[in-house]
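Novice: Model the placement of chain B on the given structure of chain A, informed by the hints.
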Amino acid sequence: MPFDAWRYEREFLRPLRGRPDQVPHTVLAARYAVPESPTTAELSRHLAEVRAYWQSRAAGPDFYAELCRALLVEDGRMRETVGDPVMSSPQWWTRRTAPTTLTPSAGTACPPPGRLLATVSGAAVVLDWQEDPAAGDAVRYCVLRGDERVPAHPDDGVLVATTPDLQAVDAHPPVATPVHYAVFATSDYGQSWSAPATVRAVVLPPVTEVGHVRESGRITATWQSHPAAVGVRVRRTAGRPPVSADDGQPVPSSSTSFDDRNIRADADYFYSVVADYGGDLAPMVVVAVPGGTAPPAADLRLAVRLLSTRGQVARVRLTWPDAGDADVQVRRASHAPRWRTGSRIPLADLDRFGEEVVGQLSIQDGQRTLDADVPVGYHVYVPFAVRSDGALVGRSAAQGAAEAVSHLQARRIGDTVLLSWRWPQPTGFVEVSWDTPDGPVSQRVGRAQYDQDRGLRVSFGRAAGEIWVRALSETASGPVMSPAASVHIGASPVRLTYRLVDRRRHVTVELTADEDCADVRVLVVVSSGQALPARPAHGVVVEELDALSFAAGQARTFDVALPADLRRPGWMRCFDGETVAMVDPPIENLRLR
Amino acid sequence: MKVACPYCYRRIEGDRLWFRCRGRPATRRAPCPLEVDKIRLEETGFAQPTYPAFPPPGSRRLPTLVACPKCGGETGFRVCPNCHSPLPEDFGTMPSPLIAMVGAVGTGKTVYLTVLAHELRGRLRRRFDADVRLVGDAQGGPEGPTWLRSQVSTLYDQHELSPKTTQVENNRREPLVFKWRREQGARLPLRPRTVTSYLSFYDTSGDDLLTVEDVTRLNYLDAADALILLLDPFTLPHTRDQIHLPPSAITSAEAAGDVVDRVTQVLHATRGTGGSAIKVPVAVVFAKLDAFFDLLGLTHPLVDVPEPVPYHDEADSLRTHEHVKSLLHDLDTNDDIDRHLRLNYQTFRYFGVSALGAQPDYETGAIHEGGVRPHRVEEPLVWLFSRFGVVPQRERR
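Top to bottom, those sequences are chains A and B.
Okay, so the first sequence: first residue is 0 according to numbering that gives the first Met the number 0, each after it adds one.
Okay, so the second sequence: first residue is 0 according to numbering that gives the first Met the number 0, each after it adds one.
Just chain A, with the same shape it has in the complex (with noise of 0.2 Å):
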């Protein structure tokens, strides 16, 4: 059977996200994804198709590039202890994959972890085991998930975690049905596993992200619950909590809020809210609203400013208004919070919220500010008043920042500008923009045009000015920009044209500038031999025109003798006095014969 890359990375790589340090202990069947029962030349093909794979993986940018380097590492050090023959052998890894190495055998296999434990924790199930004293040293395990059953060895069943600690968490298990674990030793780098210890568990999630708001009347709760609830039982108790999920009074609700409009302006209240899964409840959660009127929560409304990108890391300036005796904590995340503005929130929820963001704080005139760094990227930053029964929401405010594009360089040719620079990764696109006498103008360039263009070309006409490029990143709450990077161009000198004419004993010079210009200096050089003169200096000066005008578009013809003595083949060329700058004419203009 040909190795199915697509059914490697979803069944062995995505569970190792981030965890390449964890290669080395993964099995190593389902490492090399070894099919049943391989004949020598099959597992010879397979071992070259997977080890192609990973050499075609590891140049990406992504975690599977990361897993992959690593395997490549831990394959090149498996070749070398045990050797690519035996590794070819079918034999060798009927060894390593049959359940006979779940058996303890002859005294060489590890004893099994004991005490196993699994604790919901909301959506995941954290699983805790200890280690058996027989077990010896660099005892490492083998968590895995059976949906229906018991997994019966290594590679049975969902890979949660191979790792040399007591515990491991299983974050994404599935809801409302039961679910079993088993935890295998090994001490031996995966060449015999224990027997598994196992256990069972059920996850009914509760709902999160509870905040609520009193108003004059009425009380408004919103949560968010699990996908598989197929309901959500709301019940409250005046002055205080409930004791179990049956107890209180019933309120009606949606799936994700309740409106109570049936309470007093000064009652403590307790709702109890349950997510229902077709008969089996979630835990209880409590919200309490204590009676009275909450401060407004309007009032904390934050700002953001970006100050500077330097590579990966945005600083910005974050300002709101001081909140009297309320501790305010801002915090960010890549997306708004659920709750509404003024939402009061417990404590508890406010760590599930992204991260505080922290910097250096300053107070003044009534307004408090945070200048942070911050990664690039896109965040939602919110501020949170915290008392000690809770926290309210503020207002949020949202920054996006990419990073700055880096040695920016600008060459003119003529009216055309030739821009270049380094490019922050990811970035795929850059917009450029700079002045010019109809208007400002922007154009947005392409990391392939750019690299097809040799750089970006502009046309940005005579004058002085400023060019500004800002890279622009995507991110999951859509574009951001970086701050500009800028660069000053200076302005294109007046070209001044010539030709000339009746190239014998007199030469006529015919000289058209575009601009109107005064004051303007030439001088025509003589040379004789191969080379055009580079420089005034590699011939002779026949003439100095010097304090000319000229208007725009109109020649002036200049008269000029040739010297008696010069030698032919011949050259003669025009210098600027470094005011203008001179247009040479076709070369075989400049010949004299």
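No lab work stands behind these hints: they were computed from the structure.
Among the hints, erroneous ones may be present.
Footprint (simulated), chain B over chain A, 3 or more residues, beta carbon under 8 Å [said to hold, decoys possible]: (1) 344-350; (2) 416-422; (3) 532-540.
This structure is a prediction, so every number in the text was calculated from the model and none was measured.
The beta carbon of each residue, even a glycine, is placed where N, CA and C say it ideally should be.
Specialist: Quick look at chain B alone, frame taken from chain A:
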């Protein structure tokens, strides 16, 4: 038509190629055995077993299919009659110039060849509406078509200069061979015809040119249809009087004129010129031009970038020639190189190029962060192409 075999560098008649058996015998005949071809082994070092090579029957026009004299099976696989290396099916029917790139140590030949090959498959292909395929790449040895890919990756992706090219061993290194196809002769009432040429480039190690004896060992110089002679302007006597260069930029201690002189001696000797001018066309390429941009000024013709046109612009090329000669005169006041070329070569032309577009950091080997931005690198090649009839030539003004 005589063409140079890109594997053994011998000149061979395009209509007298040999064939190789396919190993599929005629009915009721025994198949040919796979054996090491001793001639191929001796000429090229290729030691894998192959089916036998044999000459075409008779002296008429080269057939497309012939029968193997041993097994009677038909074959159309063509090989070089001298070294028995496989050749493309239409090799030898159109001009297929072997272009040798020569220059002193540290001139930047490998960088230039890499950028040129990259341009050939990119901008130059689009400019001439040609189909360009790399059909041979063994500059790095027998490991396969990886040399160019690796060089391009080093320059364009990693933004680094490649290490110095090592000296040729056993007198062998295979060239880069490109297949170039484009339509020609589209004027009514003629229908356009597709013309195929094979372009071979050979990257010499500068070490191979250190002595006349070294140069003599390079068979390809004898077989070359054209030369691209790369000059390092930093080694010219007055360059450092005119532009500021860090000490690390001087990567070659050898005068450019000395290399030109040695190449000339070999060409005179191997081609039996009897002292008369050498006929092989030479593109004399003034490299690292970006270092002179500030000296030349904004409007200098060598700083300008001409519009890409689907033909060789002879007037523009002549203008470049004269301005490079003028710059060369400025930096080499004795005119040694120009005089030497005028007295020894029938056809040569100057070009000014920058493969990278900006000076690299010679100490670290890092190229400018803005990436590779070649400046006029294709012009020598387009001029040579026009001389071989691979691209058209026009006087634009």
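Novice: Can you take a look at whether the stretch 416-422 of chain A is actually covered by chain B? Rule is 3+ residues, C-beta closer than 8 Å.
Specialist: holds (count 5)
Novice: Taking a Cβ-to-Cβ distance below 8 Å as contact, does the stretch 344-350 of chain A have at least three residues touching chain B?
Specialist: This one is violated; 0 residues, fewer than the three required, reach chain B with a Cβ under 8 Å.
Novice: Do at least three Cβ atoms from the stretch 532-540 of chain A come closer than 8 Å to Cβ atoms of chain B?
Specialist: Contact hint for the stretch 532-540 of chain A vs chain B: holds, 4 residues under 8 Å.
The structure fails to meet hint 1 from the earlier list, while all remaining hints are met.
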